[in-house]
Amino acid sequence: MDFEIITKAEDFWSLKEDWNQLNRYSEYPNLFLTHEWVWTWWQAFARPEDLWILAARDDGCLTGIIPFMKKRIRRHGLPLETIQFLANAHSNETGFISPEMNARFFNHLIDFLSKNRSAWDIMNLSLLSDKGPLTQFLASSGGRNTFYWGIKPGVVSPVLQTGATFETYLQSLSKKSRYNVRKKRRAIEKLPGFKIRHFCGTAGAGDFLKAVHKIEKKSWKYSAGNSLISRPNVWTFYKSIVAV
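When you line the sequence shown up against the working numbering, it's residues 56 to 299, in that order.
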């Protein structure tokens, strides 16, 4: 298994089809690991020179992608080079993209990172699932003695698989569950100031963004300068991702 470092935008873009196919067949397929999401995130939040994506190949075939970037930070006054995921708080969860995430994959990865140790000082794997195969590998003897490492608990972001539409999701539930969901929905609609609206497909994207902008501008986060529309790059990211 060989690893290639992707540092150019055109090489990043050319991976799109294979990237998404790997994500679909991964053990943990993830919206936040689709090529569209990571590409849009990179354009909004990072610099072109930050790219440090790892592409794993077996006999020339792409078998894994690690969406890394490089970032210089300072710790106690010392400049340090970090490698971390192309993600931040706007990506609820990230990780590695491969249907073959096993001990062999991680051992090859660790060997590669060790050989390129001069390129980085710290590897920050924030937003990684605590139930993912890498965490399990690090907790085993296979990853224990290679690097100094630690795990810090993060925020758990539940994901609800709804299918094509919300009605499709409802039909997948039991009769009792459908009744309870609809009952709670009717109760919410009766509350003063509350309204439930449906936005479907790209045709509803413009109206959806207008509604979000209106809600954000009325929120306490807007007054504190921490809403989705307070920072241009954040709002640009969400407008771009909705249009994908």
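Derived by calculation from the structure, the hints in this document are not laboratory data. Please note that a few of the clues may not be correct.
Pairwise CB distance ranges (calculated) [what the hints assert, rightly or not]:
#	residue 1	residue 2	range
1	Asn-281	Gln-191	48 to 58 Å
2	Phe-254	His-131	21 to 31 Å
3	Glu-72	Asp-105	54 to 64 Å
4	Leu-246	Leu-215	13 to 23 Å
In the BS3-like style, the derived pairs of lysine-lysine whose C-alpha atoms are separated by at most 27 Å in a straight line are [said to hold, decoys possible]:
#	residue 1	residue 2
5	Lys-231	Lys-245
6	Lys-272	Lys-238
7	Lys-294	Lys-265
8	Lys-265	Lys-250
9	Lys-63	Lys-170
10	Lys-294	Lys-239
11	Lys-239	Lys-250
12	Lys-269	Lys-250
13	Lys-230	Lys-269
Backbone N, C-alpha and C fix where the C-beta goes; we use that ideal spot for every residue, glycine too.
Quick rundown of the hints versus the structure:
no.	hint	verdict
1	Asn-281 / Gln-191: 48 to 58 Å	35 Å, violated
2	Phe-254 / His-131: 21 to 31 Å	47 Å, violated
3	Glu-72 / Asp-105: 54 to 64 Å	23 Å, violated
4	Leu-246 / Leu-215: 13 to 23 Å	22 Å, holds
5	Lys-231 / Lys-245	21 Å, holds
6	Lys-272 / Lys-238	30 Å, violated
7	Lys-294 / Lys-265	10 Å, holds
8	Lys-265 / Lys-250	15 Å, holds
9	Lys-63 / Lys-170	21 Å, holds
10	Lys-294 / Lys-239	30 Å, violated
11	Lys-239 / Lys-250	13 Å, holds
12	Lys-269 / Lys-250	13 Å, holds
13	Lys-230 / Lys-269	36 Å, violated
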